[in-house]
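Protein chains in written order, with my numbering: chain B, 36 to 549; chain V, 244 to 774; chain Z, -1 to 355.
Errors might be hidden in some of the hints.
[Said to hold, decoys possible] Cross-link-like lysine-lysine pairs, in silico, DSS-like; alpha carbons within 27 Å at most:
(1) V:Lys684 to Z:Lys245
(2) V:Lys376 to B:Lys39
(3) V:Lys443 to V:Lys598
(4) B:Lys324 to Z:Lys25
(5) Z:Lys223 to Z:Lys210
(6) Z:Lys210 to V:Lys684
(7) V:Lys376 to V:Lys329
(8) B:Lys39 to V:Lys377
(9) V:Lys637 to V:Lys329
(10) Z:Lys210 to Z:Lys245
(11) Z:Lys245 to Z:Lys217
(12) Z:Lys223 to Z:Lys245
Bear in mind the hints are in silico, worked out from the structure with no lab data behind them.
These figures come from a predicted structure and were not determined experimentally.
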Amino acid sequence: MQSKSAQREGILQQLAEQGGATALAVAQVARQSGVPEADVWGAGTFYGLLRRDPKKTLVCNGLSCKLHGADALHHQLAGQGVATEFVACLGLCDVAPAAVGPELLPLPASDQPAHVLPSDPNLPIDLGGPRDRSYRGLGAALKLGPEAVLRELQASGLQGRGGAGFAAHIKWRSVRSQPSPTRYVVCNADEGEPGTFKDREVIRRQPDKLLEGLAIAAHVVESTQIYIYLRGEFERERRILQDAIDQALLGPLAGLEVHIVRGQGAYICGEETALLESLEGRRGMPRLKPPFPTERGFRNQPTLIHNVETLACVPDIVLRGGTRFASLGRREPGAKLYCISGHVARPGVYELPLGVTLDELVAHAGGYIGTPLAFSPGGASSGFLPMGERSRPLDFASLSQVGSMLGSAGAVVLNDSVDLPLAVHWQLSFFEHESCGQCAPCRLGSRWMRQALDRYLASGDPAELSDVRDVAWEMLEGSICGLGQVAALPLTSALQHFPHHFGHRPVTQELHHG
Amino acid sequence: MTNSVPEIRDCDLMFVIGSNTTEAHPVIAMEMKRALHRGARLFVADPRAIWLTQMAEQHLQHRPGTDVWLINALAHVIVAEGLYDKAYVEQYTENFEEFSALVADYSPERSEAITGVPAEQIRQLARAYATTKKAAIFYTLGITEHTHGTDNVFALANLVAITGHLGVRSAGLNPLRGQNNVQGAGDVGAHPDNLPGVQKVADAGARARFEAEWGAAIPTERGLNLNEIMHGIEDGSIRGLFVMGEDIVVSEPNAARLERGLNELEFVVVQEIFPSETARFAHVVLPAACFAEKDGTFTNTDRRVQRVRRAVPPPGQARPDWEILADLARACGYPMPAYATPADIWAEMARQSPKLAGISHERLDRDGGLLWPCPSPEHGGTPTLHVGAPMRGKVLLHAVAYRPPVEPTSAEYPLVLSTGRVLYHYNAGNQTRRDRGPNMKFSSNFVEMSRRDAKDLGVADGELVRVVSRRGQVEVPVLVSPRVRHGLVWMPMHNFATATRTNLLTIDKGDPITGTAEYKVCAVRVERLGA
Amino acid sequence: MADTLTIHIDGQALTAQPGESVLQVAKRNHIAIPTLCHDERLDAAGCCRACLVEIDGQRRLQPSCNWPVSQDLRVSTRSPRIERHRATLLGLYVADHRLDQDGLPVHTTQGNELRTWAETTDFKRLLAIDSPRHPRGVDANPYVAYDPDLCILCARCTRYCDEIEAVSAIQLAWRGAETSIATAGGRGLLDTTCELCGGCVDVCPTGAMHAKQAPRFEKPGAVQKVRSTCNFCGVGCQLDLNVQDGKIIQVTAPPPGETVNDGNLCVKGRFAYGFVHHEDRLRQPQIRGADGELHDATWDEALHYAAKGLLGVRDRHGPNALGFVSSSRCTNEENYLVQKLARAVFQTNNVHQCAAT
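Just chain B, same shape as in the assembly (with noise of 0.2 Å):
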């Protein structure tokens, strides 16, 4: 139990000012803030930049990098004498293989600017037009009132951009009808499935939107307080968003509060109620739901969150209306970032219609290299697809009607040079390395997943694969969150849909288990 006057949410910051979660730092942390120092230890061994060594070169490990060589960049590195260690991923994809050195900031070779599209005054979020300060879509909130707001939202249909999909003003609702009147609105800005770089970009080159739309948010619900929980990796969008936030609070945002919170390298923050725990300054452990955040979120009160792109898309629908936000989707409404990486000519983020395919996708970059084989529509969570399904919409319903998801809308494809057992290899490591360790199904299921694929691809024999429906069906249905639930799908579409990829193979000699 923590002392009266415990101070808990600044300790994993504190921590990674004083190095990371070593004895000493622990130690210190636990005195200055009164939280136990087994509760500081536990909490900070928990985030990857906190048990990090603050001194090495990181290298993505995740799926697009491998694809493009991570491995060798890794040899390469250490042959010129750098220090490195791998990553479960940097949110680079699109500069695969990426890096990034102790400060955080991207080597010279992961650090070229994104491919978008160009600048098209129609497009909500408009990534490649001019960054839009003009902060009209918040002026016009505030004349309309919150219950016009909330119209357009519910005429906009806008779900989710984080993956979940959920409608938009449905959790606005029932912040604002909550009896308590201190609410808080927190944007999601943990992006970190890989294959996924859309809230990095709207960052870099929109941010303003993204702060407009978390105004008009707070505005709605009644809220003063803004907490942005932003990917610890994203060093230099956080100096951008600093930036903006400090201009902003000068004219359209004063009154507000607005604080930028490091995520500390934990996949799993990306989960509303994990990162509901981390902001406090715990392990982001997933909570139990209900109570759902909008309910009892930040500090037990009422808690509006939403992932980057959906606030950046706010403005847009209070300025031009609902309707005509809804009519830029083909079969579910609204424009969409989609990431596009892996074996395709121009990895980037492409704000399209909602629901285009993957080859409408691959289209805007640049075509695939080599032949397709499959691909993941929404980050590793999505599983593997085969090209069978190129045409499909990629929106939420199309893609759940085949057991996979829109997710985060990172797509990622893969050509035929790839041994796809190695893939799901990759991916699965990523699971159970950012599994939170909390439920069992999830942590033992995760790990056992890996194993039973890594004794295959040993062993060369499907025998050891027997098992592996049972144990992904009993992560998904006995999971806390949507890691767990999903964290055998690399293997099992793979398996669905690739069947002969999973034959009698000769021994694997070699796995890179980052």
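We have chain B already, so just place chains V and Z on it with the hints.
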């Protein structure tokens, strides 16, 4: 306790005064912690900063011995601001006029000057306590081990009564008793004024019942309490002593003087499980079984009678105390009945004790613990006292005026010494001193001292010093600690070594009613060795 | 108090109090739902996933320990889906546990709830998982040890340490399969805020947290438990003296919910029982001789010598020259006999005990 232990977890407010609960009553502290986890409010009054004070909304750090000033000031606010339960006061208390007239003089501001507790803290606690229904008061020896201990208890009882916190679940006035069976030992008559069953010696009816039961006359004049027996040993009016299971030369104050008296006694019998310090003065030592080697009952702090059961045989020729006592009485020529088991002894007592009559070993074996009053075998026991109305009809409010501790500090003895327990040791230490764990935590006596006093004295943490009172001196290491304020030193009561016993220093003046000595306040000085 | 509710579990209408969980109602009505991370004293964690049930209107299985009752709630605790869930989940747990020669989770002296569950449920056999949980480093504390191989990360111990004992000495640390129960910096418990209450041992369902002094893998029935009352402070904790071959080998707390201490004990009650069998114990009556030393005597000699000595003082100086110091450490029956000795045999009311210390 007016209320039972399991009610604590549902308290909405806890006022803990003179109780280092986490160390002295760890498992009751766990119940308090559960209440805190639920969001209960905690206020702690203690001269020392203790674990509970870190968790408390307010720490009222009063000067030792100023409790009456503090408590009366709380009553002052409650009365002055009209926060008392008028209906309850009207119907169930008496003497409110005299009481309220007295506390009118105890303003928070004047209290602040005496106690050192900011007036605003006193007001906040008074308001919170008076306006919370499930608000309980807990106290231990920090309240009772004073020459004004009874006054302290009366003052607290006043607070409970005027706010109607009596007979309410998770409220009440709750003394946390120090030993496993201090409650029971008194209940069954090991008390100079009381016969078994919480009946007065002066009660002719009760006396007659036991005289018939025992076939012997019972003297009518009150006997000596422990403090008076100790004084009798010292002044020579006591000539023979029987001691069972108490290490009095460790646990009683002014130990050196007591030792001189013991040396002069004509005959001392010590019945013990270990060769205690007191056994050094015995003419006969009778080896006894410990709790794990015998059957019987203990009564805990919430009046709960529970079974003690034999699990292992006693060592060597050691025997259960009850067997020894029965045989000793027979050796004296008294026809003690042939008790087959302690159940027979309980039955003999209970049939003459209305409040305990419903309790038997058989029932305890079947149902677990029972809280007295339990007048009949059908009665389920009484977890919360005074439900509906006070048991005696009305609560008498005592107008208690402040009396200072008996030994003020002086130029020669400028520091206040207070004593208490540490978690890892138990009382005289005969049991815990023989276990590894407690010794890994604490293996010697020490004196806790503020940084400022240590600096003034020129001693460093861990340095050996001499603590001197008018009665004796000991050499112990200093523990420089933020837990005590300037002017206060603190030492544990446990015996780590004969020569460093804290009770060589303490004063043997007792409360006029209970005889309980003022272990919590005496005057000392601390000297550098070699200075 | 709001009105009672009616809920339906497996078609059975049951009354419930507002604020109760589905699990509480089920347990009260003897509807078996497996649990591992549950303890009535602790906030529901829902992390072991053993207690998942089907709730009408919910797409996903839900933890019954954390699902609040509501009027007309319909719950199913038995279905092919739940059976499959339990069989597979248990299989995962077993695959990550130390097993005996029968392939079951090892039995420990303090039991093993995982084994009990596995003995009564058909489960999916899976190849060993062998999670790399961090062990504790060197720990000199004499009482509590942690064996990561038996740990199922139910976090009962860390929650107990936070919510009940509230010293927060141990916590979940690291992440994923590496997750372990740790002290800050992996230090020994003596160098932490731990107060050695041993609650972590008591709540541990599998014996991962165990008492260092006790034998670890005694067969069921090899240890006899004797319920008694603690002999230290006045709380009156009920405890079970665990006896083997005439010796106390450990002290355990009775289950929560039954006794005044609700399953809790402190360092003294749980661990400081070494005095019982200590070599310093008095074993023989002794009489002080002319040489001033104590000498062994028979009981008959000692009792008669004691009687003669006390009677002599009474005869020479009167009954009130005698003092009887009874004991707040001894039983009610013994205190009764001391005062009876004083009053009935020696005719004095000079009998008291350490009433205030």
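Here is how each hint holds up against the structure:
This hinted pair checks out: Lys684 of chain V and Lys245 of chain Z have alpha carbons roughly 26 Å apart, not beyond 27 Å. This hinted pair checks out: Lys376 of chain V and Lys39 of chain B have alpha carbons roughly 23 Å apart, not beyond 27 Å. With a C-alpha separation of about 13 Å, the suggested pairing of Lys443 of chain V with Lys598 of chain V holds against the 27 Å cut-off. Between the alpha carbons of Lys324 of chain B and Lys25 of chain Z the distance comes to roughly 22 Å, so the proposed pair stays at or under 27 Å and holds.
Distance hint between Lys223 of chain Z and Lys210 of chain Z is fulfilled; the C-alpha atoms sit about 18 Å from each other, no more than 27 Å. Our distance criterion of 27 Å between C-alpha atoms is met by Lys210 of chain Z and Lys684 of chain V, whose separation comes to about 17 Å. Restraint check for Lys376 of chain V and Lys329 of chain V: satisfied, since their Cα atoms lie roughly 14 Å apart, inside the 27 Å limit. Between Lys39 of chain B and Lys377 of chain V, the direct Cα distance comes to roughly 21 Å. Compliance with the 27 Å bound is thereby established for this hinted pair.
Taking the CA atoms of Lys637 of chain V and Lys329 of chain V, the gap is about 14 Å. The hint holds against a cut of 27 Å. Taking the CA atoms of Lys210 of chain Z and Lys245 of chain Z, the gap is near 16 Å; set against the 27 Å cutoff, the hint holds. Distance restraint check for Lys245 of chain Z and Lys217 of chain Z: the Cα-Cα separation of roughly 17 Å lies within the 27 Å cut-off, and the hinted pair is therefore satisfied. A hinted pair counts as satisfied when its Cα atoms are at most 27 Å apart, and Lys223 of chain Z with Lys245 of chain Z qualifies at roughly 11 Å.
When held up to the earlier numbered hints, the structure conflicts with none and fits them all.
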